[in-house]
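Peer 1: If you want the building blocks of each chain, they are given just below.
2 protein chains.
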Amino acid sequence: MNRLERLIAIARKKERVIVGLMSGTSVDAIDAVLVRIAGDGHSKAVMEKLRFDSFPFPDDIRTRIKTLFDPKKANIDEICTLDFIVGEMFAVAVNRIIADAGMKNEEVDLIAAPGQTIWHHPRPATFQWQDQSIATRGTLAIGQSAVIAERTGITTIGDLRVRDIAAGGHGAPLVAYFDWAQLRHPKRSRCMQNIGGIANVTHVPPRATLNDVAAFDTGPGNMVIDELVFILSDAQESYDRDGERAARGSVREDVLAWGLSEPYFDLDPPKTTGRERFGRQYARRMIEKFPDAAPDDLVATATALTIESIARAYERWIFPNGNVDDVIIAGGGAKNPTLLRMMRERLPQCAIEVYEHLEAKEAMAMALIANDSLLGLTTNVASATGAQPTILGKISL
Amino acid sequence: MNRLERLIAIARKKERVIVGLMSGTSVDAIDAVLVRIAGDGHSKAVMEKLRFDSFPFPDDIRTRIKTLFDPKKANIDEICTLDFIVGEMFAVAVNRIIADAGMKNEEVDLIAAPGQTIWHHPRPATFQWQDQSIATRGTLAIGQSAVIAERTGITTIGDLRVRDIAAGGHGAPLVAYFDWAQLRHPKRSRCMQNIGGIANVTHVPPRATLNDVAAFDTGPGNMVIDELVFILSDAQESYDRDGERAARGSVREDVLAWGLSEPYFDLDPPKTTGRERFGRQYARRMIEKFPDAAPDDLVATATALTIESIARAYERWIFPNGNVDDVIIAGGGAKNPTLLRMMRERLPQCAIEVYEHLEAKEAMAMALIANDSLLGLTTNVASATGAQPTILGKISL
Numbered sequence: 001m002n003r004l005e006r007l008i009a010i011a012r013k014k015e016r017v018i019v020g021l022m023s024g025t026s027v028d029a030i031d032a033v034l035v036r037i038a039g040d041g042h043s044k045a046v047m048e049k050l051r052f053d054s055f056p057f058p059d060d061i062r063t064r065i066k067t068l069f070d071p072k073k074a075n076i077d078e079i080c081t082l083d084f085i086v087g088e089m090f091a092v093a094v095n096r097i098i099a100d101a102g103m104k105n106e107e108v109d110l111i112a113a114p115g116q117t118i119w120h121h122p123r124p125a126t127f128q129w130q131d132q133s134i135a136t137r138g139t140l141a142i143g144q145s146a147v148i149a150e151r152t153g154i155t156t157i158g159d160l161r162v163r164d165i166a167a168g169g170h171g172a173p174l175v176a177y178f179d180w181a182q183l184r185h186p187k188r189s190r191c192m193q194n195i196g197g198i199a200n201v202t203h204v205p206p207r208a209t210l211n212d213v214a215a216f217d218t219g220p221g222n223m224v225i226d227e228l229v230f231i232l233s234d235a236q237e238s239y240d241r242d243g244e245r246a247a248r249g250s251v252r253e254d255v256l257a258w259g260l261s262e263p264y265f266d267l268d269p270p271k272t273t274g275r276e277r278f279g280r281q282y283a284r285r286m287i288e289k290f291p292d293a294a295p296d297d298l299v300a301t302a303t304a305l306t307i308e309s310i311a312r313a314y315e316r317w318i319f320p321n322g323n324v325d326d327v328i329i330a331g332g333g334a335k336n337p338t339l340l341r342m343m344r345e346r347l348p349q350c351a352i353e354v355y356e357h358l359e360a361k362e363a364m365a366m367a368l369i370a371n372d373s374l375l376g377l378t379t380n381v382a383s384a385t386g387a388q389p390t391i392l393g394k395i396s397l
Numbered sequence: 001m002n003r004l005e006r007l008i009a010i011a012r013k014k015e016r017v018i019v020g021l022m023s024g025t026s027v028d029a030i031d032a033v034l035v036r037i038a039g040d041g042h043s044k045a046v047m048e049k050l051r052f053d054s055f056p057f058p059d060d061i062r063t064r065i066k067t068l069f070d071p072k073k074a075n076i077d078e079i080c081t082l083d084f085i086v087g088e089m090f091a092v093a094v095n096r097i098i099a100d101a102g103m104k105n106e107e108v109d110l111i112a113a114p115g116q117t118i119w120h121h122p123r124p125a126t127f128q129w130q131d132q133s134i135a136t137r138g139t140l141a142i143g144q145s146a147v148i149a150e151r152t153g154i155t156t157i158g159d160l161r162v163r164d165i166a167a168g169g170h171g172a173p174l175v176a177y178f179d180w181a182q183l184r185h186p187k188r189s190r191c192m193q194n195i196g197g198i199a200n201v202t203h204v205p206p207r208a209t210l211n212d213v214a215a216f217d218t219g220p221g222n223m224v225i226d227e228l229v230f231i232l233s234d235a236q237e238s239y240d241r242d243g244e245r246a247a248r249g250s251v252r253e254d255v256l257a258w259g260l261s262e263p264y265f266d267l268d269p270p271k272t273t274g275r276e277r278f279g280r281q282y283a284r285r286m287i288e289k290f291p292d293a294a295p296d297d298l299v300a301t302a303t304a305l306t307i308e309s310i311a312r313a314y315e316r317w318i319f320p321n322g323n324v325d326d327v328i329i330a331g332g333g334a335k336n337p338t339l340l341r342m343m344r345e346r347l348p349q350c351a352i353e354v355y356e357h358l359e360a361k362e363a364m365a366m367a368l369i370a371n372d373s374l375l376g377l378t379t380n381v382a383s384a385t386g387a388q389p390t391i392l393g394k395i396s397l
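Residue numbers (the numbering used here), protein chains in the order written: chain L, 1 to 397; chain R, 1 to 397.
Excised from the complex, chain L in its bound form (with noise of 0.2 Å):
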């Protein structure tokens, strides 16, 4: 069988086993994860996920990655050289997972491979050619798809950005088709919540096309708490760990109604936000302004700001579409007891949970769109991306 007729038998399988990968921009690890799929995404994918586990970068390679992130340092030759090694990495990854898991590489049908982002150009450059006027956004990322392909003898379907991109869009977020295909029920109104560096949500009404799905950022999510500990600790914590200063503080009204004074939470979606907005400048800005605020009521404030943003953004943006029944949340912001209890009492009409898989829940995701672009369905959500429908991914044989 040559590798187009196993592409045809894979297609026409009733299940498939899939390595999803996944690598964020902190660039801590490379995520993989072993999943059987059922069926597709559009209608009704049942996903068993079989193993995950996740693989640290070395520092050098960390910091080489990092360096790509500056214009100012991003070398030509690096970024090239990059994208072969992480490549290599990436089915390191996929070859060691399959292993742990027991299984052959012969017995995994597909990867799905997004690539490592390491540069996004937002706004449209625009010019002309041919009597044409064109316009177009820019994703860029490393961690070359025919590596992994090459290396484990599996069909790869990789840089899954790009078409979004080329179809209108701005490349993310990918995950919300997940939710979508995951979430959706016949009655229930579901918001899929990660509050990861920032928020966002995924709106999925009952039986939702993928047209009916919203998805934005609601704005910061653990990204001010953490900066706000990293600073009042003199850098000795990262984090709040288990919310426990938030729990310690109280919320200083003031201090919150200054924060929601941030004119993001007044624009209308489809709409992100990220580390220049929220980040380590935002958590200065509020020590400075309200110098007489002990610190765990900062702490305390700013994870209320988190949920007080995302309950607002829920009351102007989604409910206006009717109730929301479950509020399921994925993300870091899962493991913090305070931020919970906080989002149960601003909520108490919502259920809110917290996701299953917290940790393979990207990797799933990437797995799902792999799965289901193979089959030729439109794996992007246009109206949370922007762009048109379209099939993400580029299929290795």
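All clues stand as given, with none of them false.
With a straight-line Cα cutoff of 30 Å, these simulated DSS-like cross-link-like pairs (lysine-lysine) come out:
id, chain 1, residue 1, chain 2, residue 2
1, L, Lys13, R, Lys14
2, R, Lys66, L, Lys72
3, R, Lys66, L, Lys73
4, R, Lys66, R, Lys271
5, R, Lys335, R, Lys66
6, L, Lys335, L, Lys271
7, R, Lys44, R, Lys187
8, R, Lys73, L, Lys72
9, R, Lys49, R, Lys187
10, L, Lys66, R, Lys72
11, R, Lys73, L, Lys66
12, R, Lys49, R, Lys104
13, R, Lys271, R, Lys187
14, R, Lys49, R, Lys14
15, R, Lys44, R, Lys335
16, R, Lys66, L, Lys66
17, R, Lys271, R, Lys72
18, L, Lys73, R, Lys72
19, L, Lys13, L, Lys49
20, L, Lys13, R, Lys13
21, R, Lys44, R, Lys14
22, L, Lys14, L, Lys104
23, R, Lys72, L, Lys72
24, L, Lys44, L, Lys187
25, R, Lys73, L, Lys73
26, L, Lys271, L, Lys289
27, R, Lys14, R, Lys104
28, R, Lys13, L, Lys14
Just so you know, the hints here were simulated from the structure itself, not pulled from any lab data.
Predicted model, so just to flag it, every value in this text is computed and none were measured.
Keeping the supplied structure of chain L fixed, place chain R upon it in accordance with the hints.
Peer 2: Here is chain R on its own, set in the frame of chain L:
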């Protein structure tokens, strides 16, 4: 019919209509060819050229692309942006050539998009990770194939070089695959001799399998001739039009002997060379070494150097494996009658002919590679690139 079903249907056709793209290191233009291919290269493809066109890059884009060739000036934001801009331009060229041929995009099965190479990392970078020792070369191209697929609605096979690198090769020459597929003969031994800036040969013995193909750079093609003419004409001429200067001059045996003493000619293949060896500095050294030589004598001698280095390479590495019946000339050198005359005189035992599709050859080669990769066939020439046999390209549905 969804895009996967369309892919399968295309693969099952007896003949396919394909647009092949090419954009070389000179960044002159996007070459686009519309071809009909019956069968595949392994079983002897029949290719019919329907239309060829060349779309010159606007000066500002050419300058921006060439700036990326300089590692001190290449900027990551510009790499990211130009990846998408050049992808848009490839898409415009595809849509234009199809329309100009009086066809519709729905009638075209595939696009072959090798991309515009902007960087190459020829020596393997090595590192250790997870108890594995890894070494990898690298290559980087722009001209995002996902954009081409999205704008044209046509299945696109892009990123043709990376998989050969992944398989341990140099990512070049890709075109040797086409030479093998198109030239191999049950009884005749053939050389495809390309004479561009650098001259390279693909030798295809009778009944050759892919493993029997040899391909390497013989040395300078037009490069030394062009540089001499440029210097000796005080930058008024850039090449020896119709070989007139070489025809007027006489070959200086002492200069030729000096030229042939260049160590590259003694290296065993596989081997590649370039401007760093036979560029302007080499021409200057020749002029300075022989100050008494008449300009046209130097041009005649450089022409003879090209022919003599080709002939000696044949005598040393090709003829020992059997006679060569046909030498088929491609590249700009095929338009130099003096060079062709010298070759006929030097290799009287071979039938010297000019390839019929001079301009379109490389784009046609890319079209054939896409055609055959789609079918799951090996499309790199491992014996020429130093790789393991593999399937080139990534498929965007």
